[in-house]
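Novice: Below are the chains, spelled out letter by letter.
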Amino acid sequence: MSDPNPDLNTVQRWFQAVISHPDGVAGGIDAEAAQALMKLRRSELERLIRRSKNLSAEERLGIYANAYYARLLECLRESFPVLCKALGRELFDEFAFDYLQRFPSTSYTLSRLGDRFADFLEETRPDKGEGTVGWPDFLIDVARLEWLIEQVFDGPGVEGQGLLTAEMLGRMDAATFGGARIVPVVCLRLLAFKYPVNAYYTAARRTKEGEEAPEMPEAGAQYLALTRREFVVRRIELSAGQHALLETLMAGRTVNEAIAAAAERWTGDEAGFAAAVREWFRDGAAAGFFWRIEA
Amino acid sequence: MKPSDLSRRDFSKFAAAALGGVLIGVANVASAADEESPLLKEPHVCCGLNTCKGTNGDKKNDCAGTGHCASAKKHSCKGENDCKGQGGCGEHAGENSCKGKGACNVPLSADTWKKARKNYEAAMTKAKKKFGAAPADCGK
Chain E
1 MSDPNPDLNT VQRWFQAVIS HPDGVAGGID AEAAQALMKL RRSELERLIR
51 RSKNLSAEER LGIYANAYYA RLLECLRESF PVLCKALGRE LFDEFAFDYL
101 QRFPSTSYTL SRLGDRFADF LEETRPDKGE GTVGWPDFLI DVARLEWLIE
151 QVFDGPGVEG QGLLTAEMLG RMDAATFGGA RIVPVVCLRL LAFKYPVNAY
201 YTAARRTKEG EEAPEMPEAG AQYLALTRRE FVVRRIELSA GQHALLETLM
251 AGRTVNEAIA AAAERWTGDE AGFAAAVREW FRDGAAAGFF WRIEA
Chain D
296 MKPSDLSRRD FSKFAAAALG GVLIGVANVA SAADEESPLL KEPHVCCGLN
346 TCKGTNGDKK NDCAGTGHCA SAKKHSCKGE NDCKGQGGCG EHAGENSCKG
396 KGACNVPLSA DTWKKARKNY EAAMTKAKKK FGAAPADCGK
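Just so you know, the protein sequences line up as chains E and D, in that order. Number 240 in the working numbering belongs to position 240 of the first sequence; there are no gaps in the numbering. Number 433 in the working numbering belongs to position 138 of the second sequence; there are no gaps in the numbering.
This is chain E alone, in the form it adopts within the complex (with noise of 0.2 Å):
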């Protein structure tokens, strides 16, 4: 052992580079990130660390080490259930295991552990993306709803403030209201999906424990938004001519720009398009998207 008498700073972070090694503890104490802070061998481990009276240092530090890894596998669980069921859950342990080794828990919240898990999945994709639609896809979608919906849940919301009244429009015409821009609700996040995952994740969350997931649908576009309203998360699908106008006012564009890239997407004539649009801005509307208006 370097020095007999470590300071706690070191001992703590030798503590947290041996309970979070892949390898587990004996992995752990021989690995660099260890060793770096703390020349220790196993078989010195007792000069640390005393052991118990049914358990050796190791064992007992062991206790710590498994805890950490099952306790961030359930919190990524919990943040997933649908991918979890869908995948089966020591299938999902398996990629969430290899996501915690690429991606370690570094926030002082576990809110966070799950940030980067549909990116990883998209990252380590067998196909690497290429070709047609297929299987990953659907799971790399699910992982994303699934996120996005803890984050509109946990993040900032409009409760108490208020959203867009016919007062704040005031008087204006369409030419005003044309250039004014829309200022979105600050929980408001769009969604575009290569399988329609929304209905998967309504029937595989009214799944009992112990019931198969549902099967998994055909793919196909789906575009959904996300909001929160007194403390409830809605899933809204749009279509895609609604997407690129939400998308494009909530980038802090005009309503005519907004209106412009939903006519991108419009493939009918402009009578149609024109009820479209008030339909689209009257949903939008009601479903509590628009927070105030900048003329």
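Please keep in mind that the hints were generated in silico from the structure rather than gathered at the bench. Please note that the accuracy of each hint is not assured.
Quick list of simulated restraints, FRET-style, between CB atoms [said to hold, decoys possible]:
#1 D:409 <-> E:165: 17 to 23 Å
#2 D:322 <-> E:217: 34 to 40 Å
#3 D:426 <-> E:101: 27 to 33 Å
#4 D:421 <-> E:115: 31 to 37 Å
#5 D:421 <-> E:132: 19 to 25 Å
#6 D:423 <-> E:105: 41 to 47 Å
#7 D:426 <-> E:10: 51 to 57 Å
Below 16 Å or equal to it, Euclidean Cα-Cα: the simulated EDC-like pairs (lysine to aspartate or glutamate) are [what the hints assert, rightly or not]:
#8 D:308 <-> E:269
#9 E:85 <-> E:211
#10 D:308 <-> E:279
All C-beta atoms in this analysis are idealised placements derived from N, C-alpha and C, irrespective of residue type, glycine included.
Chain E is fixed; fit chain D onto it per the hints.
Specialist: Coordinates of chain D only, in the frame set by chain E:
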């Protein structure tokens, strides 16, 4: 429709439609909040109804008994970062969920995706659905 083909007059017409839509929509926001959305019947919504966001320091969860509440409750716990999983307490004390499963090697992705593919094929076969061949480098 190409935006470049649209005239100022067209935009005026569409902006008028948009304004009309918004005015109807904002008038209906309150009633939308009152009516029971189909979403309210979904288990996940419960997480939005609880008080676990810690308002007024109240850490209690008021939707106990439903599926997601347990997890919402844990959720507030995990935000505190250190209330579980330390000291070997809890239901997983001393249990390493990857021990003995051959899953502790790094990297795992190739094997894991391979297993995922196997499960996918089994599910598709069971559902009597056709599926394409796996990519050539799948699981390598």
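Novice: State for each hint whether it applies.
Specialist: Against the structure, the hints:
1. D:409 <-> E:165: 17 to 23 Å: The hinted range 17 to 23 Å is violated for residue 409 of chain D and residue 165 of chain E, with Cβ atoms some 55 Å apart.
2. D:322 <-> E:217: 34 to 40 Å: Given range 34 to 40 Å: holds, Cβ gap about 36 Å.
3. D:426 <-> E:101: 27 to 33 Å: holds (30 Å)
4. D:421 <-> E:115: 31 to 37 Å: Holds, at about 34 Å.
5. D:421 <-> E:132: 19 to 25 Å: Since the Cβ atoms of residue 421 of chain D and residue 132 of chain E sit about 22 Å apart, the hinted range of 19 to 25 Å holds.
6. D:423 <-> E:105: 41 to 47 Å: holds (42 Å)
7. D:426 <-> E:10: 51 to 57 Å: With a Cβ separation near 54 Å, residue 426 of chain D and residue 10 of chain E satisfy 51 to 57 Å, so the hint holds.
8. D:308 <-> E:269: holds (14 Å)
9. E:85 <-> E:211: The given pair, whose Cα atoms are some 9 Å apart, holds under the 16 Å limit.
10. D:308 <-> E:279: holds (14 Å)
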